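Novice: Go by the hints and put chain B onto chain A.
Chain order of the listed sequences is A and B.
Each residue of the first sequence is one higher than the last, beginning at 1 in the numbering used here.
Each residue of the second sequence is one higher than the last, beginning at 1001 in the numbering used here.
Source of the hints: derived by calculation from the structure; they are not laboratory data.
Certain hints may be false.
[Stated by the list, open to error] Here are the computed lysine to any residue pairs in the SDA-like style, where the Cα-Cα straight-line distance is at most 20 Å: (1) A:4 with B:1068; (2) B:1003 with A:298; (3) A:443 with A:298; (4) A:406 with A:88; (5) B:1123 with B:1051; (6) A:4 with B:1014.
[Said to hold, decoys possible] Partner residues are not named here, just some residues of chain A that face chain B (Cβ under 7 Å, in silico): (7) 70; (8) 74; (9) 75; (10) 106; (11) 168; (12) 171; (13) 175; (14) 374; (15) 379; (16) 420; (17) 425; (18) 427.
[As the list claims (entries may be wrong)] Coverage of chain B stretches by chain A, computed from C-beta distances (three or more under 8 Å per stretch; other residues unrestricted): (19) 1003-1012; (20) 1169-1175; (21) 1378-1385.
Fair warning: this is a prediction, and the values are worked out from it, not measured in the lab.
Heads up, the beta-carbon is just placed ideally off N, CA and C, and yes, glycines get one too.
Number of protein chains: 2
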Amino acid sequence: MTKKIFLTEDEMPRKWYNIAADMPNPMPPPLHPGTGQPVGPDDLAPIFPMNLIEQEVSTEREIAIPDEVLQIYRIWRPTPLVRAERFEKLLDAPVKIYFKNESVSPPGSHKPNTAVAQAYYNKVAGIKRITTETGAGQWGSALAFACCLLGLECKVYMVKISFQQKPYRRLMMMTWGANCIASPSDETQAGRTILSRNPDSPGSLGIAISEAVEAAVSDPSGETRYSLGSVLNHVLLHQTVIGLEAKAQIEKAGDYPDVVIGCAGGGSNFAGLSFAFLRDKINGKDIQVIAAEPTSCPTMTRGPYAYDFGDTVQMTPLLPMYTLGHNFMPPPIHAGGLRYHGMAPLVSQLVRDGLVEPRAYPNLDTFKAGVDFARSEGHIPAPETSHALAAVVDVARQAKAEGKEKTILVNFSGHGLVDLTAYDAYLSGQLTNYALPEEEIVKALKDLENFPKP
Amino acid sequence: MTKKIFLTEDEMPRKWYNIAADMPNPMPPPLHPGTGQPVGPDDLAPIFPMNLIEQEVSTEREIAIPDEVLQIYRIWRPTPLVRAERFEKLLDAPVKIYFKNESVSPPGSHKPNTAVAQAYYNKVAGIKRITTETGAGQWGSALAFACCLLGLECKVYMVKISFQQKPYRRLMMMTWGANCIASPSDETQAGRTILSRNPDSPGSLGIAISEAVEAAVSDPSGETRYSLGSVLNHVLLHQTVIGLEAKAQIEKAGDYPDVVIGCAGGGSNFAGLSFAFLRDKINGKDIQVIAAEPTSCPTMTRGPYAYDFGDTVQMTPLLPMYTLGHNFMPPPIHAGGLRYHGMAPLVSQLVRDGLVEPRAYPNLDTFKAGVDFARSEGHIPAPETSHALAAVVDVARQAKAEGKEKTILVNFSGHGLVDLTAYDAYLSGQLTNYALPEEEIVKALKDLENFPKP
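So here's chain A without its partners, still in its complex pose:
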């Protein structure tokens, strides 16, 4: 048996899969926070190019991947599907484990799947410059990479505290020619306002979003747009290339998963792997689909399904989703990509319909799973990815207890080579599990009281 199952470049998917065409229940529409009415394409036009807005609302089942995007995907795609025999042996359970290795992209994660697509659609819409925000820098580095290869300018507002403490992803952006600046900056009204109140502000994702959106909409040339790395429908759409490849690969191996697992922050890598398999589930296939989140930011496992802002500064439309409230501040776990208060509306709807099962895992369990994986399979996972691996361990344990054989497919969404300080903290015993008091969630949810209910 071979360890890695490859597709040839000719076997790469030529179309993304749009799950909106197959969902048993449609999602409620996003609402304008002022009017309470559904937002239309025109409301979004100053922020995103129209071709991406069309994808955002499309119900076509399949959307062709443009040739130029395919050409760039070929730099790292198709990614290998790998049989984790050594991890299986360590777990000593009746499971077969396959992981889809999305860490082989130059920025080291699944994020370029949508970054390249978004840069392409902006480019063909005549846009010259893209702005975005980034926390720890995984999204910012992916967009910098994409803009570099497509010849667009890229400006990334990076939360100042991360800008100072986590130089590696900032340096990646710089190497790809992007302009990465610390937020709050003095280049936007939003930034200047914060700085005038607190010159030493460490910044926040909310502030960085405000700056990035302001920089896009206020460019008098009209040649700048904003880009988001998760949550939205078109972002999840672009990620489905992961699951379409994985399905072709696991079938090549003569197999099919009983359980499909991804970690979920905003939902994009989880959706990327699982949507192609959820299509089969909707059509009657008996599989389990698990979205793994941190117990410290338990959006789906403890939050209500409600209308909420996608961002803390209330600039987005109200989105129908599982949420902990847009002011919820998760504890500072190292998996920055999972510290998001909401969940993609598409994923939220699928959870609501019982098609996706959310499970939450505590910090120490996820790092243990990550280290066990690194020491058996060799690849060091990103702390986000380790949440998916904790779910694999969980499922394997259960399979063993029940004496049932299971085939597990998991998304190895990124490597941890520039997150090694997190492993340092774990291995030197500095990490703990965060017990999140119920009061804190109740308090954060107060913000939602006056919003419409989906």
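Specialist: Below, chain B alone, put in the same frame as chain A:
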């Protein structure tokens, strides 16, 4: 045309290629520094296991890769051969460029090819523990990875200044369960002697080698051996899997290189790619084989061919090689892996015989080539690898000037994701080219005066 040419795992080479069987002139033997006589296997037995010593002196053309090594190679091998069309376009020259992507291994470089083999041979010889030294940490992290997967203990003496300033590779070693300590340490006589003279010693590769060798030979259980990441024949042998794969791949693409290029510090990644092609050259094929080194450490381009110690503390046998003298201290360029005073005896002999052409490139040229590559092909090269890319640029420029078409094959020996501070220094204009005064080389070579001549 596809961008990446893959081999299946079934098509992986099952044997390493030993160029000693085909060299037109044999190498002079290594000498015992005390007696001036050739060293025998028994001299090396306290340091290396006998099975590796046998490989060191073997003249068999092919040596079978053990099954357990093949199993672990499959974690990242066969590595892709990639057509660098976007870099070609940027260079605007009549060249086709293929790169062999060795950066896909979990530690991010070609080093695990020999680390896994060495850990395996130590294990079957009954050894429980391997010691080594590391500078910036590329070799130490590869050996930590290999020992982890083969169930051996690994102790890495890391030069103290790097230990403090370059935490990422140290953390990689830790994640794979290795014991990485700052050198000089108080755990060896060599370390304690240095510390008693200078408690604040920043350490050096020479001191770290002394500590690692002492820790191996002084273990009363006899269950510890020492491991070296380059220079020696058996190390180069294990790396030949790179070129054997690349040859099968480029032939699959219906092509064959006119020029084969690798960067060379101790010589292992260069040998790894080129030896399979040098075999064809010895048999009459008309190809050019270029070893790229830094002008700041111009071992082959400005050093004599002489007997010299492999290390600065004079613990190794005298090796016949191009050398700048074992006390030569190259300027602190960021390509730590190329700051070695000597060159592998096998590579040295091939240079001497006119089969390999050494070329030296200055610091700024190499970083420019690295950034150009990152911005066209997407992958950020290690600073060492950028020396090979500078040679590609050089060959392409020449091809354009002469109006000749060339097919170039280059080893992408490692990625630069944990070397990004070097790019920071380059992009912010802090780097210069080092002009190495002739006097400095003359001075360093004085040490060789009393050694036998090869």
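Novice: Each of the hints needs a verdict: does it hold here or not?
Specialist: Hint check:
{"no.": "1", "hint": "A:4 with B:1068", "result": "holds, 16 Å"}
{"no.": "2", "hint": "B:1003 with A:298", "result": "violated, 42 Å"}
{"no.": "3", "hint": "A:443 with A:298", "result": "holds, 15 Å"}
{"no.": "4", "hint": "A:406 with A:88", "result": "holds, 11 Å"}
{"no.": "5", "hint": "B:1123 with B:1051", "result": "holds, 11 Å"}
{"no.": "6", "hint": "A:4 with B:1014", "result": "holds, 17 Å"}
{"no.": "7", "hint": "70", "result": "violated, 10 Å"}
{"no.": "8", "hint": "74", "result": "holds, 4 Å"}
{"no.": "9", "hint": "75", "result": "holds, 5 Å"}
{"no.": "10", "hint": "106", "result": "holds, 4 Å"}
{"no.": "11", "hint": "168", "result": "holds, 5 Å"}
{"no.": "12", "hint": "171", "result": "holds, 4 Å"}
{"no.": "13", "hint": "175", "result": "holds, 5 Å"}
{"no.": "14", "hint": "374", "result": "holds, 5 Å"}
{"no.": "15", "hint": "379", "result": "holds, 5 Å"}
{"no.": "16", "hint": "420", "result": "holds, 4 Å"}
{"no.": "17", "hint": "425", "result": "violated, 10 Å"}
{"no.": "18", "hint": "427", "result": "holds, 6 Å"}
{"no.": "19", "hint": "1003-1012", "result": "holds (count 6)"}
{"no.": "20", "hint": "1169-1175", "result": "holds (count 4)"}
{"no.": "21", "hint": "1378-1385", "result": "holds (count 3)"}
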